[in-house]
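Peer 1: Protein chains in written order, with the UniProt record's numbering: chain G, 1 to 209; chain C, 1 to 209.
These are computed hints drawn from the structure, not numbers from a lab.
Each hint should be verified, as a subset may be incorrect.
Stated by the list, open to error - DEER-style ranges, computed between Cβ atoms:
| no. | chain 1 | residue 1 | chain 2 | residue 2 | range |
| --- | --- | --- | --- | --- | --- |
| 1 | C | Glu184 | G | Pro138 | 17 to 27 Å |
| 2 | C | Ser40 | G | Glu191 | 35 to 45 Å |
| 3 | C | Arg152 | G | Arg126 | 30 to 40 Å |
Think of the CB as a built atom: it goes at the ideal place given N, C-alpha and C, for glycine as much as any other residue.
Number of protein chains: 2
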Amino acid sequence: MSLAESRPRPDGPVRGRPRSEAVERAIIEGVMKLLEDGVSLAELSVERIARTAGVGKATIYRRWSGKEELFIDVVRAVEPADPELPGVCMRDDLVVLLENLRQRGLASRTSAMLHNAHAQMKSSPRIWAAYHANVVAPRRALGLEVLRRGQRDGELRTDVDLELANDMLVGPMLTRAVLRPDAELPEGLAEQIVDTVLEGLRPVRSTAS
Amino acid sequence: MSLAESRPRPDGPVRGRPRSEAVERAIIEGVMKLLEDGVSLAELSVERIARTAGVGKATIYRRWSGKEELFIDVVRAVEPADPELPGVCMRDDLVVLLENLRQRGLASRTSAMLHNAHAQMKSSPRIWAAYHANVVAPRRALGLEVLRRGQRDGELRTDVDLELANDMLVGPMLTRAVLRPDAELPEGLAEQIVDTVLEGLRPVRSTAS
Chain G
1 MSLAESRPRP DGPVRGRPRS EAVERAIIEG VMKLLEDGVS LAELSVERIA RTAGVGKATI
61 YRRWSGKEEL FIDVVRAVEP ADPELPGVCM RDDLVVLLEN LRQRGLASRT SAMLHNAHAQ
121 MKSSPRIWAA YHANVVAPRR ALGLEVLRRG QRDGELRTDV DLELANDMLV GPMLTRAVLR
181 PDAELPEGLA EQIVDTVLEG LRPVRSTAS
Chain C
1 MSLAESRPRP DGPVRGRPRS EAVERAIIEG VMKLLEDGVS LAELSVERIA RTAGVGKATI
61 YRRWSGKEEL FIDVVRAVEP ADPELPGVCM RDDLVVLLEN LRQRGLASRT SAMLHNAHAQ
121 MKSSPRIWAA YHANVVAPRR ALGLEVLRRG QRDGELRTDV DLELANDMLV GPMLTRAVLR
181 PDAELPEGLA EQIVDTVLEG LRPVRSTAS
């Protein structure tokens, strides 16, 4: 996957500082090139990244506190961007959120670099925690917000814990995308999960027949 | 966790061969000791295991084809055993299956050795595949069998794909137990998930009030 396919993020690791988009791209592309060449996270160094990107080490340190923070931004640049929610009804917003998880799952399967980056993050507790705080937690908060609105608008049972409801919705998709890398992620899976979780697995009492 | 807490498995890596339970235990305990001492899977060798267990290398090779297969048996010896299903109704069997996943999640949190063993397995594609084939796949097949019986007995919608239904049930528990190590795994969670997934998240049409 090339960087041209990725979107720039509005929020980066260093806030409120003017920055050159082009330099940042060159640095991120440099890390991607190194990762694609099979360089591991342990072997990555700011010096080596600087050399590959054709910038000075100070230029990198002005933007990121170290290679770990930079690494997370590289992953964010390659992963599908967080979605815009239509905001019309809970059901449709949930479908968009789950579709984004499906796209992330597909990206991790098709991009060896991303797959490798995820694996490396998981083996480093510090980076995993930072990725979790910067990427996973905000996404989860967004899902909970959608569910809260759904409860308010009468689209979601009010007697179900929101954290549990969220796990019931994202759990099946994450299980397929992350834990079962051989499982299918077909088009329409997001709708299927959301609608079936809302409807329940019990046989429908026959009122129409 | 001591080996005394673990149950011997009826099926081992080598079938139809008479074996000494005591020797096998000594070998498995030897690997556990090495793992607890912080020895990594990469550093483990059959020679070192043999020395620790006080047996010859040939004794190990008579039982396991190599350290990878032995490692999987060590993990199985420490993990909670697969449950006996009551077999009365689908709902109760599902609760037992999910409760077992919850117990496994708790075990992986409280046993540093098990946690470490899981992490090491995941970083080795070959061992992970073997663990999947020997431990995860049969457990999944059991869940699908319970759901199939549920469909036959009218406890489960017949218009839902069984694989999807299974992911809808185990997904929320796995998400908490595996993907969100900081999430709570309270008592009663298995019942809560099963009943809510069966019932659905849509507000109940008020007929009783």
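Peer 1: May I ask you to test the hint 35 to 45 Å on the CB atoms belonging to serine 40 of chain C and glutamate 191 of chain G?
Peer 2: 44 Å, holds
Peer 1: So the hint says 17 to 27 Å: do the beta-carbon atoms of glutamate 184 of chain C and proline 138 of chain G match that?
Peer 2: 21 Å, holds
Peer 1: Should the hint that arginine 152 of chain C and arginine 126 of chain G are 30 to 40 Å apart at their CB atoms be regarded as holding?
Peer 2: Once the Cβ atoms are compared, 50 Å apart, the range 30 to 40 Å for arginine 126 of chain G and arginine 152 of chain C is violated.
Checked against the numbered hints above, the structure breaks only hint 3 and satisfies the rest.
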